[in-house]
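Chain residues, written in single-letter form:
2 protein chains.
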Amino acid sequence: MREIHPQDLEDIAVGAAILGTGGGGDPYIGKLLARGAIEANAPVKMISLEELPDDAKVVTCGAMGAPTILIEKIPSGEEMLMALRHYEDVTGETVTALMPFEAGGLNSCLPIVLAAQTGLPLIDADGMGRAFPQLEMETFNVYGVKAAPVALADERGNLAMVEADDAAKAEFLARGLCIRMGGQVCLVNYPMDGATAKRVSVPATMSLAQDIGRVLREAKREKKALLPTLIDFLSTTHYGYAKLLGSGKISDIERKVENGWSVGVVTIVPFDDSEPYKIRIQNENLLLEQSGEILAVVPDLICVLDIDTVEAIPTERLRYGQRVDILGIRVPEIMRTPEALAVFGPGAFGIDADYVALGGA
Amino acid sequence: MREIHPQDLEDIAVGAAILGTGGGGDPYIGKLLARGAIEANAPVKMISLEELPDDAKVVTCGAMGAPTILIEKIPSGEEMLMALRHYEDVTGETVTALMPFEAGGLNSCLPIVLAAQTGLPLIDADGMGRAFPQLEMETFNVYGVKAAPVALADERGNLAMVEADDAAKAEFLARGLCIRMGGQVCLVNYPMDGATAKRVSVPATMSLAQDIGRVLREAKREKKALLPTLIDFLSTTHYGYAKLLGSGKISDIERKVENGWSVGVVTIVPFDDSEPYKIRIQNENLLLEQSGEILAVVPDLICVLDIDTVEAIPTERLRYGQRVDILGIRVPEIMRTPEALAVFGPGAFGIDADYVALGGA
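Going down the list, the sequences are from chains B and H. The opening position of the first sequence corresponds to residue 1 in full-length UniProt numbering, with each subsequent residue numbered one higher. The opening position of the second sequence corresponds to residue 1 in full-length UniProt numbering, with each subsequent residue numbered one higher.
Calculated directly from the structure, the hints in this document are not laboratory data. Any given hint could turn out to be false.
[As the list claims (entries may be wrong)] Below, a sample of chain B positions facing chain H; criterion: calculated Cβ distance under 10 Å: (1) K57; (2) V90; (3) G144; (4) K146; (5) A148; (6) G157; (7) V162; (8) E163; (9) K169; (10) G176.
Note that the structure is predicted; figures quoted are calculated from it, not measured. Just so you know, even glycine gets a beta-carbon here, dropped at the ideal spot from N, CA and C.
Let the sequences and hints guide you as you build the complete structure.
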């Protein structure tokens with residue numbers, strides 16, 4: 001068991017931004033909300049999957065929407081709690097443990113808010129091992145957990161529930177509500193017991209975020225080279241492999257809100273003036289290409305980092321002239337099975353390419 | 001108390017089509033579903049508002065969507081029951097009486113289906129006194145009943161609930177779900193007790209539909225002039241006034257599905273070749289104009305009737321060359337108060353005109 005104190009949130013936010021792989025929402029607001037909630041209540045107890053009782057009643061939680069909208073439509077901090085209470089009211093269940101449904105960005109921080117508000121333990125795991133743009137793109141779904149009931153709440157107190165057998169249908173219906181709730185809502189979904197959670201979750205992703213932040217903070221203090229230190233550290237984790245895929249200057253961004261997502265293409269010109277890199281975006285960075293050759297593709301992480309600070313730049317903050325490193329991180333084994341690739345591999349995003357794991361499998 | 005038997009459904013469908021004022025969905029499918037449900041179960045008990053116990057737990061029910069979609073996306077007949085059971089599961093309430101939320105078209109028939117399936121009494125009343133395209137356009141809402149929780153079900157068994165304080169917000173969120181459920185769904189909403197139902201409902205609209213059908217059937221048998229007989233009959237009801245507003249041939253129809261509604265304009269050329277009539281549509285007929293002069297406007301009913309049979313032609317069945325009479329029917333007093341006109345008068349549809357009741361108030 002780890003406790004999450006306000007001083008831990010800086011590290012978590014740094015690591016969450018990297019795991020967000022461009023998406024998951026800017027963790028800045030989530031960090032502030034988490035700090036406020038912990039200070040108003042108590043430190044959050046974070047437990048590992050091993051520490052979770054088999055009969056625990058788990059729900060997963062986080063925000064849904066387009067990160068670009070989050071810049072102006074700021075959560076009140078009460079939506080997660082409203083969604084949880086609505087879930088409990090409607091189902092008659094009492095939840096005993098919380099898990100982020102997504103690792104990365106805002107969605108690593110909002111579950112901390114809810115855990116602080118409720119006193120419930122937060123499970124050090126999630127269902128994406130990174131950020132993905134759609135609710136069915138979860139190891140929970142891959143390994144047989146139903147997404148519904150999905151409880152939604154917006155910052156004005158509007159509530160909704162969706163019940164569907166199929167996770168992609170639940171996503172589609174919830175997304176329709178999300179759009180009409182202003183493009184950004186909080187939700188509670190994927191109810192499961194503790195034994196199931198152990199089987200279907202990507203482990204230790206909250207602590208990974210925190211450890212990434214800590215490693216970078218210490219490297220800064222010790223004036224070590226940041227990116228090599230990060231890459232070395234990641235190779236020691238259950239993710240196991242990371243690599244600098246390219247560097248350059250952002251020369252163009254196409255980006256719009258479409259069907260409730262931020263979608264677009266970013267062009268990055270290498271410093272040696274070789275062929276530009278192109279990154280395809282749907283909330284998250286999905287595909288990195290150069291001269292038509294795929295350098296990295298979902299589910300592996302493609303992280304655009306400020307070249308000086310190694311801070312991750314979320315897709316909604318990308319702009320012309322930024323100098324960036326492009327870091328690739330291989331996802332853990334549980335996310336690379338054929339069943340998993342069917343749900344969140346290249347084909348699930350309409351990308352006509354086979355997945356080849358970074359660094360080989 | 002009246003009982004609704006299969007042989008009553010023909011009359012109800014004829015009257016419901018007229019009260020639908022072009023919308024509410026073609027009652028043909030609803031009539032077949034109601035016949036099947038009554039034959040499989042028992043006749044439906046229809047009670048007046050006076051017969052309703054004050055402590056009854058009432059919900060209202062019906063279908064939401066674009067009538068054009070209904071032509072191809074046919075209800076399974078189980079959606080109403082799924083929506084009701086979902087409502088009861090989620091709220092923990094046990095419903096004791098049902099009311100249509102809309103008079104007219106499919107939505108006069110579907111509550112009969114649900115009443116037959118459940119054995120619950122059907123209240124002879126509704127919240128629109130006609131068909132309207134939006135959920136907040138209800139006397140229930142006008143006189144202070146909350147629309148939510150709204151329970152929705154589609155023919156594939158997908159379920160949802162919406163909770164919002166404001167009826168227009170509930171409509172907006174439910175419409176978003178409706179669109180993603182394929183443009184046509186069933187729902188249960190406006191929970192209230194019996195005492196409230198007596199205060200806020202448009203009375204005796206189911207029996208009015210049946211009586212309209214009966215009067216026309218008898219007039220046909222007796223070879224009376226149909227339209228004058230209908231107009232005379234309506235003047236004896238609580239609606240109190242009806243008038244032939246024009247006759248002609250449909251010369252043009254603009255119609256599309258937009259934001260989940262069928263919207264458009266119908267042009268009808270009078271037989272004397274004077275200036276054409278224009279009818280503006282949003283699922284229902286909203287406004288009748290000639291040479292820029294308003295001849296009738298919401299909430300009064302504008303009914304396009306086949307000139308020979310006096311059968312109402314729903315907006316999705318209008319086509320070039322049909323010869324029609326345009327019948328106006330004044331709505332009852334409860335629908336003409338300033339509060340009511342604020343919710344479903346001309347301004348609520350973006351029509352820049354004052355409401356002037358047909359035949360004077």
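Status of the hints after comparison with the structure:
1. K57: Hint on K57 (chain B): violated, closest Cβ of chain H at ~18 Å, above 10 Å.
2. V90: holds, 5 Å
3. G144: violated, 19 Å
4. K146: Not OK, violated: K146 (chain B) not within 10 Å of chain H, min 13 Å.
5. A148: holds, 8 Å
6. G157: Since chain H brings a Cβ to about 7 Å from G157 (chain B), closer than 10 Å, the hint holds.
7. V162: holds, 5 Å
8. E163: Holds, because the Cβ-Cβ distance from E163 (chain B) to chain H comes to roughly 4 Å (cut-off 10 Å).
9. K169: Constraint on K169 (chain B) satisfied, holds at 6 Å.
10. G176: holds, 4 Å
When the structure is compared with the earlier hints, violations turn up for hints 1, 3, 4 and for no others.
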